[in-house]
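Chains as they are written, first to last, in the working numbering: chain B, 57 to 671; chain E, 57 to 671; chain S, 526 to 863; chain X, 526 to 863.
Fair warning: there could be bad hints in the mix.
Below, computed lysine-lysine pairings styled on PhoX-like, alpha-carbon distance capped at 25 Å [what the hints assert, rightly or not]:
hint, chain 1, residue 1, chain 2, residue 2
1, X, Lys848, B, Lys216
2, X, Lys848, E, Lys247
3, S, Lys538, B, Lys491
For each label pair, taking beta carbons as the anchor points, the in silico distance ranges come out as [stated by the list, open to error]:
hint, chain 1, residue 1, chain 2, residue 2, range
4, E, Asp568, B, Phe643, 24 to 32 Å
5, B, Phe643, E, Thr530, 36 to 44 Å
6, S, Asn839, X, Gly773, 38 to 46 Å
7, X, Lys757, S, Gln783, 47 to 55 Å
8, S, Gln842, X, Lys538, 48 to 56 Å
It is worth saying that the hints were derived from the structure and are not from the lab. Computed from a prediction, not measured in an experiment: that's the story for all the values here. Ideal placement from N, C-alpha and C gives every residue a C-beta, glycine not left out.
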Amino acid sequence: MGKRSKVIEKEEVVVRFSGDSGDGMQLTGTLFSYTSAIFGNDISTFPDYPAEIRAPQGTISGVSGFQVHFGHSEVYTPGDYCDVLVAMNPAALKANAKWMKPGGTIILDVDSCDEKNLIKAGYETDDPIIEDKLGDYHIVKAPITTLTKESLKDMGLDNKSILRSKNMYALGLVYWLFDRPLDHTREYIQKKFAKKPLIVEANLKVLSDGYNYGNIIQAVTPSYHIHPADIKKGKYRNLSGNVAVAWGFLAAAEKSNLQLFLGSYPITPATEILQELSARKDLGVKVFQAEDEIAGICTAIGASFSGSLAITTTSGPGLALKGEAIGLAVMAELPIVIVNVQRGGPSTGLPTKTEQSDLMQALYGRNGESPVVVIAASSPTNSFDYAFYAAKVAVEHMTPVILLTDGFIANGTQPWLIPDLADWPEIKVPFVTEKIDDWHPYLRDPEKLSRYWATPGTKGFEHRLGGLEKDAVTGAVSHDALNHQRMVELREEKVQKVANFIPELEVIGEDDADLLVVGWGGTFGHLFTAVDELTHEGHNVALAHFNYIKPLPLNTKEVLKRYKKIVVCELNMGQFANYLTMNFPEFKYKKFNKVQGQPFTVIELKEHFITLLEE
Amino acid sequence: MGKRSKVIEKEEVVVRFSGDSGDGMQLTGTLFSYTSAIFGNDISTFPDYPAEIRAPQGTISGVSGFQVHFGHSEVYTPGDYCDVLVAMNPAALKANAKWMKPGGTIILDVDSCDEKNLIKAGYETDDPIIEDKLGDYHIVKAPITTLTKESLKDMGLDNKSILRSKNMYALGLVYWLFDRPLDHTREYIQKKFAKKPLIVEANLKVLSDGYNYGNIIQAVTPSYHIHPADIKKGKYRNLSGNVAVAWGFLAAAEKSNLQLFLGSYPITPATEILQELSARKDLGVKVFQAEDEIAGICTAIGASFSGSLAITTTSGPGLALKGEAIGLAVMAELPIVIVNVQRGGPSTGLPTKTEQSDLMQALYGRNGESPVVVIAASSPTNSFDYAFYAAKVAVEHMTPVILLTDGFIANGTQPWLIPDLADWPEIKVPFVTEKIDDWHPYLRDPEKLSRYWATPGTKGFEHRLGGLEKDAVTGAVSHDALNHQRMVELREEKVQKVANFIPELEVIGEDDADLLVVGWGGTFGHLFTAVDELTHEGHNVALAHFNYIKPLPLNTKEVLKRYKKIVVCELNMGQFANYLTMNFPEFKYKKFNKVQGQPFTVIELKEHFITLLEE
Amino acid sequence: MSVESQIKFTDFKSDQSVKWCPGCGDHAILNSVQKAMANLGYSKEEVAVISGIGCSSRFPYYMETYGFHTIHGRGSAIASGVKVANPRLKVWQITGDGDALAIGGNHFIHTIRRNVDLNVILFNNQIYGLTKGQYSPTSKRGFISKTSPFGTVESPFRPGELCIGARGHFFARCIDKDLKHSVEMMEEAAAHEGTSIIEILQNCVIYNDKTHNAITDKAHSEDRTIKLEHGKPMIFGKDRNKGLVLDGLNLKVETIGQNGITEADILIHDAHCEDTTLHLKLADMEYPDYPVALGVIRAVKAPVYDQCVESQLNDVQEVSKIKSFKDLVHSGDTWDVE
Amino acid sequence: MSVESQIKFTDFKSDQSVKWCPGCGDHAILNSVQKAMANLGYSKEEVAVISGIGCSSRFPYYMETYGFHTIHGRGSAIASGVKVANPRLKVWQITGDGDALAIGGNHFIHTIRRNVDLNVILFNNQIYGLTKGQYSPTSKRGFISKTSPFGTVESPFRPGELCIGARGHFFARCIDKDLKHSVEMMEEAAAHEGTSIIEILQNCVIYNDKTHNAITDKAHSEDRTIKLEHGKPMIFGKDRNKGLVLDGLNLKVETIGQNGITEADILIHDAHCEDTTLHLKLADMEYPDYPVALGVIRAVKAPVYDQCVESQLNDVQEVSKIKSFKDLVHSGDTWDVE
Ligand SMILES: Cc1ncc(C[n+]2csc(CCOP(=O)(O)OP(=O)(O)O)c2C)c(N)n1
Ligand SMILES: Cc1ncc(C[n+]2csc(CCOP(=O)(O)OP(=O)(O)O)c2C)c(N)n1
Ligand code: SF4
Ligand code: SF4
Ligand SMILES: [Mg+2]
Ligand SMILES: [Mg+2]
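Let the hints inform the model, and build the full structure from the sequences given.
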């Protein structure tokens, strides 16, 4: 490695790879994040692709991006603003320049800045840097296309394949920028194209040439230095929220010794869970790709009746369709987990964007008094944990559980310390097998108020379930007035009893903080980072983040009571704040809401909290 | 009329006709209520039939009842407890005795009290009167079966037809009891059986003989005397809540000059609206009996797009199925009214019973931030009014409106002063027809924030709607972050603007009342009666009853502010109380809830209110 | 026969009192199902009876087996889940013309397409019974009901035709009150692997009384229906002298002994033939032009979904190196932090 | 022809940029629809294009007519509402194999059964395109996709068969890139009163490229497909020397000039015949056993729902004494309080 003009020491860095949908930016970003993770940084990533399958080339709506945030200490979000932007065409520059940190570095493929592309991107002059007033950034105007062609000119590759390798050139250059080894990416290339040696060779060459190009331009380009993070020892892998959910259920199935059954219908951004579990025939998962969302949940309810660990996965509009059937599971008191990966609504809304606007739907989107447990994951990797716990609660308490994630954590990835299932809690399945004298289908566990699970095939426990109101004792159909009242109350109490089996709400920060920030679900990373930074900056701010929504943790009231100022931050119009108000009207909640299909930014959160502190 | 042993003077009386499903009690009750109404009493009725189509004869689950409440002043409920019970068999007695007022009169067909029937009804001795400790009531042990047979013995009728006339004998006797004319019932019989002269003759004879039997037993039986009510002059008819809803839409269609379109799927207890409108081809109603609830609303959305006054009708589980499509109407900003006749839930629940547990579903049962207008009718006859206003709001504000009624008011009837449509407000349809220069599909009325209605067939206004987020100005698909925020807010504001066009909340009672009773929807009659009686008994109690739920009337806060004690009474677990808490957390709400598939009783309400007053 | 076959049909009766209207065809069907299950030597615990909502769908409550009275129209989907999760169960679905063909139409056709091993008993009374008398998707054009006071303007589905249109492999038809034949049909359906549809012409005494009478009435039934049996000639009539022959591509009723027709000219019923042509024609025959076909009209072997799911699992598991959660999470790209 | 017919197909293009993948078959179909509408002399305001959700369903945005991109699977129901409410409109429904046959299956078959006057263009690419490549109800058994990495274990629907099973009266098939023929099919569908289904074999370049290639590939297309025309013999092949004949109840491919077969032996296509036998056989023909049938396979007159609704209204209104709300509320049992 040669001498560098300037090395910028950083705690953490955000890099964004962006280009046209066809430019391979998702792969580039993924490879970079792997290398960083293996190097020992903590990372968080987020892909951001167009709503269209193949949006028009060269336009802003066709820009595909992949953001990697990595650092020397723990990293909780993919980052709001980036230090380094790789822009493979003018549209990528146009779309992303507003997300640059002051003083950052932009690597631009200047070859792509021809008139046609500039116009498509909406530039009016031939100098996008000047036009967008980017003079204060370090601009690396790299002729990436030319250099790639140059690099491969003697290899006998067709032009299309050559252009396809541009992304490896850019990646090589970024590796140089951060002084990272090429080994992992080399291995990947060799494995992936094993059957096409020429392509392997080309990609490896371009990667190195990109790296070396860094050496050539080092006199004028700053490079970055980020130490490895001090993270827990062990074996890691990258995990996205959607795969984490799938795997959480696999773990629960293994721990409970139940067969995993998924009934589902594809829908963005939840489809990947279905896809992952469809591939898990090796672990005996039965996946039923249903004709619609209703059949998705109904096959799962049937499988639950049969004694499987039954789940269904969907996103907002699909959850709306499942409402009636969820009510059946409530009445029949059968275990089932409904995963809702929230996206922008209402209606078809913004299907590829994130939002938290299905909370009320999860709580109340059914006829009658129809209580279910609602749990929300708050990061890509803890989606594994909450899928596991959702399954555990469903089975042990014989209740439907709605697990909420969102497009942001579902698509984002984080390094995941591979767990040993032996360390995870047992899941005790309330099967009945031996004859109990006064058994009846609605006999209840006194502690949980849940009934037992007698599954077809078990001799002596033949019984009938159904959606009509049931006698609290015999389980037979009952139209009795007082029995109905009792059952309505019992179903609610049963759900409330779950509170005795979940952890208490933890507060990050001091008991006497001047402001309690409250959040739930996928906003954790941003809220935590904002609160953490403010704390380091000397403010007394605390964070209470909820994963258990219904029932709320037992100490919720006690926590809220401690703080004079509470602000509930959500990516909706205030649904959780309203829910807290219903439950604890004695406290005042300020609301901070954003409904833009985008996560919060740490900066806007901090600004807002500071204003609140000063109020 | 001969001399009577005792005439009981009453302000109001509750009569319950009850017998086996096959005994014709619904008709008997209906005829009696007509006669009372024509006589000039105010009335309120409620039928109460078994969940089964034909429940086992002679059993309690097979009892069919019809209750009539009529009085000399206004009558708001069908009454909790009855003064007079007609029991055609032991099961009817068993099922209803607990609903008798002290000192009331029971007319029992003693012929039906054979061993078989007594056992079926669950009696253990051969004297049900003693067994059920009914000694304090006036018991008229009438051998109705024998007397009917006797009466018709020379007519050459078959035994089945003779037994079918029993109900007319009982009805005749009840007419004697209340000194009511037989004319209307005679006319009815003549019209109904016009083609069967023998049956006409038989029924008329039995009716008279029943009446005359009263004269025979008068020495030992008290009779009742109720003066006509002082009700508004005019032409009246009887109206049930379901027919009222259907007619409200007919009125709105005529006023707005729109074609009425109903897309629906049968479901208890909403089917009658579909049936009534299916019969209204004379008024040009297009009814689409759909394959399911989803198609029901979707055809209506299509018809709305085409420019019809489009409605869909259902009950709880059906509303759950319509959630996704309601979201589409929210996004497309098309007018549509969704009628939900609430029944006992969750799931299939108690389909023939009443409940108010779909309020949260109506408000939130969809994905995303998806605001709609929610209106609730509060009596059988004002279901007409609120159907009309629901249609008016939907069309004038270009928004989906959910109209809530419930099984109780849907099946109940009241006399209805036939309106003159000329007195009803206009419905101004926001059609665009003439070319506007900068017209675009999301151009908004500045006052209402609603868009205009350009329907296919209108030249020059071709445009595309859809469920994806729309640009606030052009209406084109937009993934823009800030536009989404703006649209989410706009849709909410549009619904809130409706508050400027609806009446303020009225309080019945004093501004300084010690207790404000709050209710919504179908509980009005019971709440009002309870509050009214307490007021007459010297308590200072007021009632605020809501028909507009979303948006709430503009003066809601101001009303609530006045009272120190507020109790929200609902047939659910506290959904409206929670909703008020969300909106006005500054007030404290006590909850009085009942979830038994039954309306409140005035007595339990009064008792509870008195306890609260004493607290 | 196994010991299990000692079971009596009364063993399948639950303790709940049956609440259908007196005279309703459902009573007879309940008996047939119980008889068939006893004949089949089922044990109670291996049976799951799944229904949707409707008068007919109250059925599971009356069966002393595992049962699930679910929600309207979703019986097929729920039953599919029950069976796929545990293919060892005998899964019987009870449904009505509204439940299966109105709200449940999509699940009905997809279940048939997938060929999940269910025995589906479709009670066709051409009416919505439970909601008190509205026309259904099988009501005849012009039918007058509470929602069609001037007659419907819709053509009905013909369940057999729809079943075959959805690539169905088993379709049979029988009459509620003909217990013996109904029991036979149920046994055949049970023997068939894959989705078996039995359409039972069921009488609703209250809202659509006698709708099937033209053909089910004892006086005419033999002349107006034909009981098909695989491998047997298609002969019918009180005098067993009428039969079906092929006339070009059409079926035709002929009288044996007239126009030179002999028994040898009569078509032989082949329920097992893959081709749907004749099955469809038989299923679609309507009185008075034709006798209405009863019996097993179509019974063709085909891959069964729940079995395929199992065997694909087995195949993959045999070759896959991933045997446990642990294998999975340690496969692919991982790294160590030391 | 009227003045309206002066309209050009470009008049039907909206100002929105078309966002399908380059090379997607949808582009060609868009052109065909616009050409057909221009040929039909439609005016823009009388057309309503209704779709569900899917790549194909983005179609309405590209049409300068009234349009509604609704929710997944519900296009048929919404289009039915549009048409029944205003029968004067030309209502075209755009749908995909997932939209129409997975989630929308029930509305699809009921719309067909009712025979609502819609022109339904079914884009069959045998894949869920918009959600990025899962198998659909028309994907072939064994098909490998993101949700069937080991091959599906389901048999596909055949849209023509399902359409006929639902009592369909118009079914046609064509190929995305064959504009001329597609335009013809659309004109025929438009001329047909009642539900017209056109299945278009559409190529998804990204997730299921070349799935139809065996038959749509220029080199073989003429030998592997047959373009049916009403009243014309069923002849096909590059050399126009192959034809379909009847062999018992089965269709058979013969070569004219071989085995003594002459043109006179070849079946004549009768699209208007009520009986479904041959239509079904034609619709079900699959390569390589048969050529795949293109063209109008079935086009039979039948009562049209939206027309029946109107005429029933008129009939009742003619005889009813109730002409207004006022008449209604004053009819029947009323009384005066004075
Ligand atoms: C979601 C939903 N929609 C509608 C209903 C009302 N409903 C109950 S049964 C039924 C039709 C029953 O008809 P069918 O399946 O033919 O059964 P039958 O009563 O005739 O045996 C309807 C419309 C319901 N219970 N749930
Ligand atoms: C209620 C609902 N469920 C699922 C989806 C996700 N989804 C959108 S399009 C689609 C399938 C599209 O397939 P197809 O109709 O064949 O259209 P193509 O994209 O192939 O043209 C699915 C599953 C959705 N948008 N809404
Ligand atoms: S209503 Fe008809 S189908 Fe229902 S139980 Fe009665 S007779 Fe049977
Ligand atoms: S994904 Fe397939 S169907 Fe969708 S636009 Fe691209 S090529 Fe066409
Ligand atoms: Mg039926
Ligand atoms: Mg497709």
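Verification of the supplied hints:
Under the criterion of a C-alpha separation no larger than 25 Å, the hint pairing lysine 848(X) with lysine 216(B) is inconsistent with the structure, at around 73 Å. Restraint check for lysine 848(X) and lysine 247(E): satisfied, since their Cα atoms lie roughly 23 Å apart, inside the 25 Å limit. A threshold of 25 Å between alpha carbons decides the hint, and for lysine 538(S) with lysine 491(B) the separation of about 21 Å falls inside it, so the pair holds. Against the hinted window of 24 to 32 Å, the Cβ-Cβ separation of aspartate 568(E) and phenylalanine 643(B) comes to about 30 Å, which satisfies the hint.
Checked against the hint of 36 to 44 Å, the pair phenylalanine 643(B) and threonine 530(E) passes, with Cβ atoms roughly 43 Å apart. In this structure, asparagine 839(S) and glycine 773(X) meet the distance hint of 38 to 46 Å, their C-beta atoms being roughly 41 Å apart. The hinted window of 47 to 55 Å between lysine 757(X) and glutamine 783(S) is violated, with their beta carbons roughly 39 Å apart. Hint check: glutamine 842(S) to lysine 538(X), Cβ distance near 54 Å, so the stated range 48 to 56 Å holds.
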